[in-house]
Amino acid sequence: MELFEQSIHDLHQMLKKRQVSSLEITKALLARIEDTDAAINAFITVTGEQALLDAAAADQRIAAGDCAALTGIPVALKDIFLTKGVRTTCASRMLENFIAPYDATAWARMKGQGAVLLGKLNQDEFAMGSSCENSAFGPTRNPWNREHIPGGSSGGSAAAIAAQQAVATLGTDTGGSIRQPASHCGCVGLKPTYGRVSRYGVIAYASSLDQVGPVTRDVADAALLLGAIAGHDPKDSTSVDCPVPDYTAGFQNGIKGLKVGLPKEYFIEGLDADVQKTMDQAIARFRQLGAEFVEVSLPHTNYAVATYYLIATAEASSNLARYEGVRFGHRAEDTAGLMDLMMQSRAEGFGTEVKRRIMLGTYALSSGYYDAYYLKAQKVRTLIQRDFIDAFAKVDLLLTPVAPTPAFKIGEKSSDPLQMYLSDIFTIPVNLAGICGISVPAGMSGSGLPIGLQLLGRPFGEETILQAAYCFEQATEWHRAKAAI
Amino acid sequence: MNFQPVIGLEVHVQLKTDSKIFCGCSTRFGAEPNLNTCPVCLALPGALPVLNKKVVEFAIMAGLSTNCSISPANIFARKNYFYPDLPKGYQISQFDLPICLAGHLDITVGEQTKRIGITRIHMEEDAGKLVHGQGGGSGVDLNRAGTPLLEVVSEPDLRSSDEAVAYLKKLYQIVTYLGICDGNMEEGSFRCDANVSVMPVGSSSFGTRAEIKNVNSFKFVKQAIEYEIVRQIELIEDGGKVVQETRLFDPNKGVTRSMRGKEEAHDYRYFPDPDLVPVVISSDWIERVRADLPELPEDKYSRFLTEYSLPEYDAEVLTSSRQLADYFEQCAQACTNAKSSANWVMGELTRTLNDTGTSIEQCPVSPCKLADLIKLIDGGTISGTIAKKVFEEIWKNGGEPAAVVEQQGLAQVSDTGAIEAAIDQIMAANQGQVEEYRSGKDKVFGFFVGQVMKTMKGKANPAVVNDLLKQKLAG
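So the sequence lines, in the order shown, correspond to chains A and B. With the working numbering applied, the first sequence corresponds to residues 1 to 485, in that order. With the working numbering applied, the second sequence corresponds to residues 1001 to 1475, in that order.
The set of hints was computed from the structure by calculation and includes no laboratory data. Given the structure is predicted, the values throughout are model-derived calculations rather than measurements. Glycine included, each C-beta is placed from N, C-alpha and C at the ideal position. All clues stand as given, with none of them false.
Derived lysine-lysine pairs resembling DSS-like cross-links, with alpha carbons at most 25 Å apart:
| id | chain 1 | residue 1 | chain 2 | residue 2 |
| --- | --- | --- | --- | --- |
| 1 | B | K1459 | B | K1396 |
| 2 | B | K1213 | B | K1169 |
| 3 | B | K1170 | B | K1219 |
| 4 | B | K1170 | B | K1213 |
| 5 | A | K376 | B | K1079 |
| 6 | A | K379 | B | K1079 |
| 7 | A | K355 | B | K1079 |
| 8 | B | K1129 | B | K1253 |
| 9 | B | K1253 | B | K1222 |
Computed beta-carbon distance windows for the label pairs:
| id | chain 1 | residue 1 | chain 2 | residue 2 | range |
| --- | --- | --- | --- | --- | --- |
| 10 | B | E1032 | A | K376 | 43 to 51 Å |
| 11 | A | L383 | B | S1069 | 26 to 34 Å |
| 12 | A | E49 | B | E1211 | 53 to 61 Å |
| 13 | B | S1217 | A | E49 | 56 to 64 Å |
| 14 | A | K376 | B | E1155 | 28 to 36 Å |
Anything over 12 Å on all C-beta distances counts as not near chain A; from chain B, calculated:
| id | residue |
| --- | --- |
| 15 | E1057 |
| 16 | K1170 |
| 17 | V1255 |
| 18 | D1292 |
| 19 | E1361 |
| 20 | E1420 |
Let the hints inform the model, and build the full structure from the sequences given.
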């Protein structure tokens, strides 16, 4: 097995036993990026020189007997995380030359353990999109089939794992932006409970929905990485002060007797046949492992996409107001006065989808429309939250598809935003409810594209979904499949 | 037709916290531009606000002192608009759930006492400021961005500029007493927007109002309101209509002028700030704050009347500011002569502070020293006249009153022998006046007192001089 194919937990053992150095692993991954990224375009920025220095420092640390779970492990981050001294673009022309002056808390915690940063990953601009096509730096391609999208918005984070360009990556998930690309690229993607991981230093798209999470080769890595980044941060008022457990502790307990709910609204007519087949097989496998299935109902599911596109865009319209060319970011030239400077800078700096969402959100908050749109959406959000509370009164977790279809083709939906929005129908309710969810590889389409399944848990129930995902993964081979690149 | 003005005030009170409302940066005034900033108040990508608890505490103090009810659940909202001094493109404020609701203040104008309603008090952050000039460009200084403010909104209960000023002074007195505002109006720590309209006397529906923005002195508020009342009445009498608009007061010309009309008014698109969690204020918290409230002006005034037996006038003057009241109390307690302390504080001390442009905090004569001085008078060591000289001396050069009296030989002479000798000498030299006195013209008595004091260089005990003179002149 090549060094670049290894998991965090295997590399950690090798580093600890001094069978390999961080420098060797880092060099192998940088070479892999060099070889493959022209075809994939997962990286916006590669920080090769600094990575080698940090790997050498990690090796010294290991030599001194200090080898934490992430010490010497080369990782990459969605370009939405601020990384001190490193360009942070959010895949926008607006921040094309923005050098972050501080570190995001999630990255600071990884860095504190001695993780090595390989670079910054492509995404949809300001995390707005489901395909990674809305990037000022060009689309990322799916390593399994380069005609197809990798999913989004954390497309680079998933593609880099599938193309074996990084051991693990971080993404953010506002409406499925970790789980959907993980499903499309055949990797594990975890969206923690809202408040589990600090959002400080993560460029905000929709503050009440955004959550940071890992994209990894397997479930154990997701558990390890979550353990490293989770926990209260005094700099984020919405981060919750509750203890961080050892997420791998329950892995050996199995899932016998676990009650799994199948929300009937998620198994609809017209679900892609390959996705349906994958779900049927997965359910059968879970049964074999001892899980009990119960049909449940999440009756307000149909309203989730509309609700999401009111709340997320409303928050985004305000969150993105700070990009006006005055203090940082793109500034238009030859402008006539302050208002013109701000308007021109925004006109030039933002892409089409970002502008569309700013306008949608501005409209939803406008005087005379607020009650009909934003306030109504907040009320529906409460109903969606209650759907999940009711379901979790009956079951321990929920099993659903991640997306209605495998990865679609590049360009297939870019002319029809509404079709694109509907591709997030199974992931969006999770963010609205603030609960946790994980996508794990569960099958393959007839044309050789990965298909994931989604497990949803109670707020702060990451241990349960990780445990179930681990058991499923151990009983299947899907996570071992490798994209041919 | 006679018109009745209707006035409501929105006062911005800058809170005297060490750090800003949503980050740890200093609130110090006058630093180099953009020195007191961090990713949060610069609104860098990814930065998040964290509420300064002290601001909530100060807001509760203000609410309790203005008879408001304190809301148990508090939501911060974003007020969205673009301006270069507003780095996030929105101001974090409170909208439909402010911290304090439905209070009032009682004001007195002339003989009339009137209750003015307070609609609400809410917490918010200040913006930065634009610096125009040098080289044709404009700069943005974000030192002030994120400074905590309270906005105190009155009901439209005020009916004249005098009432408006009385209300403002009362509010000012309260926030400075509470120690939650430094009261520096020139630096903008206490500034107000005035909503002014006029209606025919006897009417029950208000006229269209104009909002005059950012007036930062009592005098200007009075001027601006008076100008605006006249402008609106003249406009209506000339057949015109008042339009709803925002106006600015020009202190140099004493006029208000239009800044923007209603059609240009912002749609602020308020919505709850998702970066901040609701602030829950327990009744325990409110009671803890209440227990720690300092004595407010009205209570202090009543206490000064009873505890120190001061006249109403003295009590009012002395309680006009907490610092003055504290100075008086320390002095009165140290010398145990309240009336004399009051006279000195309101007289010599206030005059010298005003003449030298010194604030009471910077006063070089401590209350204890003034008390020592008063004790020297009460003990008969020096006269009131000499005491003023001693006061002047210790103001300028420091030192203890007793030591100054000693060093400069200012102690009063009560020795009858020395005074008798002086009287004998003066009577001998002024036989004519002695005759006049004895023939019934007792007005010349003052002449003899003056002569004795002059001979004794002002140090003779006036009571002793009086007694001895009367005896000797009587023959």
